[in-house]
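K.L.:
In the order they appear, the protein sequences are chains H and G. Using my numbering, the first residue of the first sequence is number 1, and each one after it goes up by one. Using my numbering, the first residue of the second sequence is number 1001, and each one after it goes up by one.
A few of these clues could be false.
Listed below are the simulated EDC-like cross-link pairs for lysine to aspartate or glutamate, each with C-alpha atoms no more than 20 Å apart in a straight line [what the hints assert, rightly or not]:
1. Lys32/H with Asp110/H
2. Lys32/H with Glu108/H
3. Lys32/H with Asp118/H
4. Lys1157/G with Asp1302/G
5. Lys1157/G with Glu108/H
6. Lys1157/G with Glu107/H
7. Lys1157/G with Asp109/H
8. Lys32/H with Glu101/H
9. Lys32/H with Glu107/H
10. Lys1157/G with Asp110/H
11. Lys1157/G with Glu101/H
12. Lys1157/G with Asp115/H
13. Lys1157/G with Asp118/H
According to the in silico footprint, chain H covers these stretches of chain G (three or more CB under 8 Å from chain H) [stated by the list, open to error]:
14. 1058 to 1067
15. 1157 to 1165
Quick caveat, the hints were computed from the structure, so don't treat them as lab data. Backbone N, C-alpha and C define an ideal beta-carbon position, used for all residues, glycine too.
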Amino acid sequence: MSAIAGHYSYWVTVFLMVAGLYILIARTNLLKKLIGLAILQTSVYLLYIAPGKLIGGTAPILANGFTTYSNPLPHVLILTAIVVGVATLALGLALVVRIRETYGSIEEDDILARDIADADG
Amino acid sequence: MGDHLAVLQVVLPLAAAPLIVLVRDRGFAWIATTVVSYACLAIAVGLAVRVATAGPISYEIGSWPPPWGIEYRVDALSAFVLVLVALTASLVAPYARRSIAAEVAHDRAYLMYAMYCLCLAGLLGITITGDAFNIFVFLEISSLAMYVLIALGRNRKALVAAYQYMLMGTVGATFYVIGVGLLYLMTGTLNLVDLAARLREVEDLRPVLAALAFITVGIGLKLALFPLHQWLPNAYAYAPSMATAFIAATATKVSVYVLLRFYFTVFDPSLHFGDVPWREVFIALSVAGMLVASLVALFESDVKRLFAYSSVAQIGYITLGIGLDSQASLTGSITHLMNHGVTKGAIFVLLGGVALRAGAMSMSVNSLAGLGQRMPLSAFGLVIAGLSLIGIPGTAGFVSKWYLIVAALEQGHWWLVAAILAASLIAAAYVWRLIEVAYLRPAAADAWQRGEAPVGMLTAALAMVALCVYFGFDTTFSVGGAQEAAQLLRGTR
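Go ahead and model the full structure; you've got the sequences and the hints to work with.
P.N.:
Pasting the structure below:
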């Protein structure tokens, strides 16, 4: 039982990871694929941050009465990863907007059909 | 100044990008890009010379000593890859002016140069940094810039190609960062050298193996390891010519560098990999990639897609060397990074010139009919680079394949030699298809008739073709550098 309860943050991480990857692969709507990508990236934030937290630990400050500190490095790393994630998502959305403008659709099947029609005509 | 060469290598192109965006002038953008590319080449060569004479260079960013601060570390392997990236950049940059003017809307051209500088900064950063998380950041800088470069292609398929590459590339980078996260949980460090030392004391190997799996698949996506190459053909085919030339010559090679770093510097295969048949997996995927992608290339009708599939096959040769895991095979792999980079760069640069004269970004093989008469120098260059792709003696491609064959024979893998030769034969067949069309078939009556490519583009292209031949004869730099790098990688065991 403790293997499940004691590691519940990992279980949540794994669930988000797999859910994100599934959406990314299984959906044909370009926007929904990006949502899956965002969920996958979010799971990584959790993977880094959750183990960095010590129960009862404080921020790493020098003050009387505090002896247990949480490691601040994962937070800093994930701050960077969040910025990267935001940039990727913004670029992805911009590409979807441009695809919608030129193809008139954001469904993978429609776009494929139009490309094939192009090649024939 | 001399002490800060390592950081200048990345800071120069990184600073050039916002400057270009601020000035918003395409003439200035081109000059800045060219100057920065040449400066990068000078720095890369300077670093390589220093590493050769005085050993590895370690640079502490912000004077924070490793493993706390980020360390830039240049050794034989990273110096070799730095030279490859900077060399390609300095040949593609002067070429870019005419190519971009013809293929990208004028008011957006300066953005193309800015993205090119960012991509260069990212690729150089991946190679020079000694910090696992920093690799991820640079990986994403270069990748994001690459997605934009591809999306700037004129065909609307470029948008879909960029979108697909973005999805697969981001999944790759995310997998990589999951792997690094697991390693960080086990060791509490991100510095590659420190990571290597602490991993040798780790008792519980299961998270290490999970990290290995995530990093292999993640970087495999980035380097287009068969069958994770689905993004590559369209991305190469629909990107603007200069972007294709630069990306094809450098991006996948830098990812191979990351793979080599993790497999041989960070992990210790004999200690960490247990009974995981990683050599067999690499050999199987490489051979499958070499044969399948070559066959697809043989039946492909679009010229750029043909050479894109040929890239997937050539990456197979490179990863085959990793799977064989010996001094000779790694030498072959690392030499092939350089030789294939130069060869594929030359081909795509030449195709860019042909595309400019044809007025179309995507060309079918048949549209090249009569190219030998209309653009004799370009056609001749394509033949030489094609021979190097096949691996004819006297060209760069022969040298690296020779080392791979020697490595396969050392381990008694006769069937591998057969596979390498079979893939080369298929390459000969698809290169011959081009030669036949270009020289033996008369041009169609309504074909474009506008002579040779502009001098600026042709010079860059022929310089790369000359390198294909040069590395076939004088191997002091290519094989010499690769040998040292291979020794370094295997020396840790």
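K.L.:
Going back to the hint list, which numbers does this structure go against?
P.N.:
Going through the list in order, the structure violates hints 3 and 14 and respects the others.
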